[in-house]
Amino acid sequence: MHPFEYAAPATVDDALGLLVEHGAEAKVLAGGQSLVPILNYRLAKPRIVVDINDLPLAAIRVEDGRLTLGALVRHHHLEESADVARHCPVLTEAAGLVGNVRVRSLGTLGGSVAHADPAAELPLALVALGARIGVRSARGRRTIEARGFFTGFLSTALAPDELLTEVEVPVMRGAGSAIEEVARRAGDFALVAALAVVGLDRRGRVETARLAFAGVGPTPARVVAAEEALVGQEPSADRLAHAAALAAEGLDPQSDPFASAAYRRLLARVLARRALTRAVVRAMGVL
Amino acid sequence: MADRPSGQVKPAAADALTVTPALRVVGQPVVRHDARDKVAAATAYAADWAMPGMLHATALRSPHPSARIAKLDTSRAAAMPGVACVLTAKDVPRNTLSTDVPGQTTAVGPLRATLHVLAEGRVRHQGEPVALVAAETLEGARAAAETIEVEYEPLPGVFTAAEALAAGAPRVHEAGNLLAHWRVVRGDLAAGFARAAVIVEGEYETQFVDAAYLEPESGVAWIDSDGVITIRVSTQVIEHFRDVAEVLTVPQNRVRVIGTYLGGGFGGKEDVTVEVYLGLLAMKTGRPVKMVWTRQESLLARAKRHPYRMRYRTGALASGEIVAQQVELLADAGAYAYLSALVLLYSTVTAAGPYRVPAVEVEARVAYTNNPPTSAMRGFGAMQTTFGYESQMERVTRALGLEPVHVRQVNALRRGDTLPVGQVMETHVAVPELARQAWDALGPATPPRAPHVKVGRGLACNLQPYGRIVWLHDWSSAWVGFEMDGSLVVRSGVPDVGGGQASSLCQIAAEVLGVRLESVSVHISDSALTPLAGTTTASRQLYMSGNAVLKAARELREQILGIAAAALDADAGALSLADGAVHAPDGRSLPLPDVLRQCARAGVARSHLAVYHAPAGEPVDLGRGSGKVFPDYTFGAHAVEVEVDTETGMVRVMKYAAAHDVGRAINPQSVEGQIQGGAVQGLGYALMEEVILERGINLTTSFASYLIPSAADVADVAPIVVESGEGLGPFNARGIGEPPIGPPAAAIANAIEAACGARVTRLPITAERVARALGLVEGA
Amino acid sequence: MIVSLVLNGRPRDVDVLPSETLLTVLRDRLGIFDAKEGCDEGVCGACTVLLDGRPVSSCLLLAPAVRERRVTTVRGLERGGGLHPLQEAFVRHGAVQCGFCTPGMLLTALAFLERHPGATRAQIRTALEGNLCRCTGYAKILDAVEAYAREEGTGG
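Chains as they are written, first to last, in this note's numbering: chain U, 1 to 287; chain L, 1001 to 1780; chain D, 2001 to 2156.
Honestly, the hints are just simulated from the structure, not real lab data.
A couple of the hints might just be wrong.
Residues from chain L that keep clear of chain D, each with C-beta distances beyond 10 Å, as calculated [said to hold, decoys possible]:
#1 Ala1035
#2 Ala1070
#3 Met1080
#4 Gly1514
#5 Leu1590
#6 Leu1609
#7 Ser1626
#8 Gly1779
Partner residues are not named here, just some residues of chain L that face chain U (Cβ under 8 Å, in silico) [claimed, not checked]:
#9 Ser1710
#10 Ala1767
#11 Ala1771
#12 Leu1776
We treat Cβ as the ideally placed atom computed from N, Cα and C, and that holds for glycine.
With the hints as constraints, model all of the structure from the sequences given.
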């Protein structure tokens, strides 16, 4: 790869200072699973690589109904964390679907989110959960809602001088969740993935519902109309199928060499129904 | 090293050792010597090599599929610090590389093919090499390559074989776009169709795929003593030293190719890959040079498997007997011929499958396009036709309401039958028993696990030639000799692609000479130091080199026993060799070192160099359907159970059985490994592998987009090894390298149809294609 | 820059450029060819090494990132000058053909079994899904790992 300068700042402020100094000529290195292939292919030639792996950003905390995850939480941490499994099991499931075991050894939550691949599971989960993404720069801090964070294909609302530091998700109290995906090969990126979170009230009616998709457009997509169609209803097979169909109609997938738009739409409908069904079953188990 | 003395042809039968029941080493699942090295990472692959002062090389390749090179300026690159040289076409002493049948010493007639080493004014495919850079570091070479200024003027191109053969199509080469045409006619087709109870028509389409070996193309070259340009390279053909010498315009004895243990070949390393660039750069710089292709470069630039459009029209009686088979094949050669004419020949000969068909017509064409060149790949044209004829067999079976195994059994060739090309089957055809065993091995049907999941089974049989076409007068040589202490050495030019090629030779030598396998040392694959054995391709090495070693070992045994007989005052014919000694029937014995000393004193060699000549023939007029093309064939039958998710089209392989008649399994564990590995490579072809090209631009140049099966994508393949005891190889073995890759695609397609009624006729069988065949998806 | 790491149990100091990967450091700086270059994007697994006991793609690890870390390659598996029992199992079960995927398979399997000693064949299959093999069809690799897991489990 093209040579570059290298810095491994010990504090977030130091890291931010480097981003200010070098702007678009700096690349942030977290797990390296997305960045280093690009460097290996010589598709990017940054002047400096800012290695943030020494920064204290790997904590997992549960407070006030929210689960806060540091940007450097590795995928395998998510997968193995008892706190995550208890408070937000859909993240456990999503993390287990990411890449292969080597990607999960080093890849980070922050890296996956900042990379914003439209077929990736963790961005999908954050959009579905209504996560809040904590970002810092030399100018201060801000929080960005997940649905506004992903702005386009491999694009986010992060400014060149900003560093993603943490992700906050609501604790899923009494809800059931599920991810369904179809990939061309085991461990490959999903062609389409559907993520459902369903909370039931004491009468077994849908109290909360989240339904989002990856692989159906340049960013993960939540279909609120489908969610609203379920709230207050019995989660019968027909209603779930109806909501799934509604969701698929609300999407605008594109064709690419690997799958046509029409097929992606089909998958969205089928996977949404399956994810909702499994989420409901899990929600019932929690009741 | 002996070349073939003219006029001498030894029939194979005389060399085959009589099968004896008490084989000691052959037929055992012995541990391979290379396996021990490989688990310890002690094997030095071609890229695991560094030399003092070594430069690193890279190639600059055309981004355009069809263009004129209007300007090519390498001056900036040449001036960069650390750059040792930059080469373009004008720097190549003879810028023409022979790419016809590798390693042959006889004329290859219509199979002649050439290309430029570096593009001369014109590029015909994306990835065609335009310049070479050698520098002190790899990064330096790549950075320099980026500064080479090339101005391309895009030219019109053609991107399907059909487009290429249309009137007025832009020409890829001066001589026109039709590269080769083969035709086989036999019997009365019209009469056949007239009496058919059913006629099934099908159009099938197969895709470009990549060999996708884990080890990319790699090598290191240096100038050795006396100016010998030495190239240490991952290759299936060490005889390319001749082709490199021609390009460098040096005598052939000044180029040496040392073949390393390959990290996979599969036909992708049959052509010249890095050798000629390394030879050029070593010669120009006088320094060692290393070149290792990146995966992206390999996926972009290495020759692919020929995609085919196939039209089949099959007529059958109510009994299931096929009475007419009409086949049209159209293949895409890409921008350069390489082995396309030969691949097409394999397809033509195998187009009707392992079946007796009284009336056959095969029209086969291959055309140039501006797609990546296509060349050798495991299966070599016989793989694509298996998808055609076995899909048709299934459709005929269903149309007649018959049973898959029965229909194969009814139609299978038998010894004495004639293939469409007029070749008489001289060996046993095991298709009937293979089909039954594979099918039965699936056991009880798996119940579907949910209402939307359907389960079905499919069968596919195949024939795959092993050994070269007979008019190439194939031969292989080997040297076997004892050291004074009784340890044994085998020298053979055979390249080892990972299938245990070298290990099998040790087994054969150990068996014949009565020594333990552990006391055999083998040296392979060095064009200067090992007797040439020909290519590791065409499932020919066990047959050819195995027979060469067998011959050398037998003749050495006779020499040794002759001396021992005198020393023991016994009849040579009654002596045996075992446990490092010669034994007489009365219990007396002589330790081998003693016998060897006596040989030395008597001036009798303790080694033997043998040449094995395959039965040769003359070119066949395929149109008149007369004559022998291949020495023999290996037959197989695969059965698969799949699960189809009828809501998404996803297919999952549940059970898989693969049966082949291997004649005799020299190393049963290696044979199983070939069957399992070949079947899984075939599953990749069936379900997920595709080089996606858009007007000649490759969209799948990474392992993230070009998918090969992982462990989670496949079921365990249950290998069924049948030993008919008939084969032309040593101990009556048949070739097994290629046969297992043929059946999976059709077996899967057939199983999917059985499961849910959807017939997919285009490969790979993606979930979307199944969904469309199920009517789940319409529109774009 | 000088990077200090522990390689197969031994401390090593290597002079590296930040733009080198652990893979190129091992192969080109240290002459250790255990890890292979297969794809440069972390998909094939031929470059697998263990980093503090976890499998990683050495082609995706920038050299400075391994400072103070423990790296294990295949030669770090040897026991008393001989092969590790899993290596023996691979040899015995015919799990090695061309051998290019073998180092990655060995390390990944060992790291997995360390955390999941009673794993089933199906679980082993999933654990190895990130290590591509083009030669064996995986069956004999699974045979070898399963046999090793059983023998280790029974302590014999």
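Inset, instruction - Grab the minimum C-beta distance from Ala1767(L) to chain U and call the hint holds if it beats 8 Å, violated otherwise. - result: Holds. Min distance 6 Å.
Legend entry - Supplied contact hint for Ala1771(L), tested at 8 Å Cβ to chain U: This hint holds: Ala1771(L) lies near chain U, its Cβ roughly 6 Å from the closest one there, short of 8 Å.
Legend entry - Distance rule for Leu1590(L), whose beta carbon must clear each one in chain D by more than 10 Å: 35 Å, holds
Legend entry - Check on Met1080(L) being off the interface with chain D, judged by Cβ distance over 10 Å: 17 Å, holds
Legend entry - Check on Gly1514(L) being off the interface with chain D, judged by Cβ distance over 10 Å: 25 Å, holds
Legend entry - Least C-beta distance between Gly1779(L) and chain D, which was stated to exceed 10 Å: Gly1779(L) is indeed farther than 10 Å from all Cβ atoms of chain D, at 32 Å.
Legend entry - Minimum beta-carbon distance criterion (8 Å), Ser1710(L) to chain U: 5 Å, holds
Legend entry - Restraint outcome when Leu1776(L) is required to lie within 8 Å of chain U by C-beta distance: Cβ of Leu1776(L) sits 6 Å from chain U, so the hint holds.
Legend entry - Nearest-CB test (10 Å) between chain D and Leu1609(L): Non-interface label stands for Leu1609(L): nearest chain D Cβ at 29 Å, farther than 10 Å.
Inset, instruction - May I ask you to check that Ser1626(L) keeps its beta-carbon over 10 Å from the closest beta-carbon of chain D? - result: 39 Å, holds
Legend entry - No chain D beta carbon within 10 Å of Ala1035(L)'s: 4 Å, violated
Inset, instruction - Evaluate the condition: distance from the CB of Ala1070(L) to the nearest CB of chain D exceeds 10 Å. - result: Nearest chain D Cβ is 32 Å from Ala1070(L), so the label holds.
Going through the hint list in order, the structure does not satisfy hint 1, though it satisfies all others.
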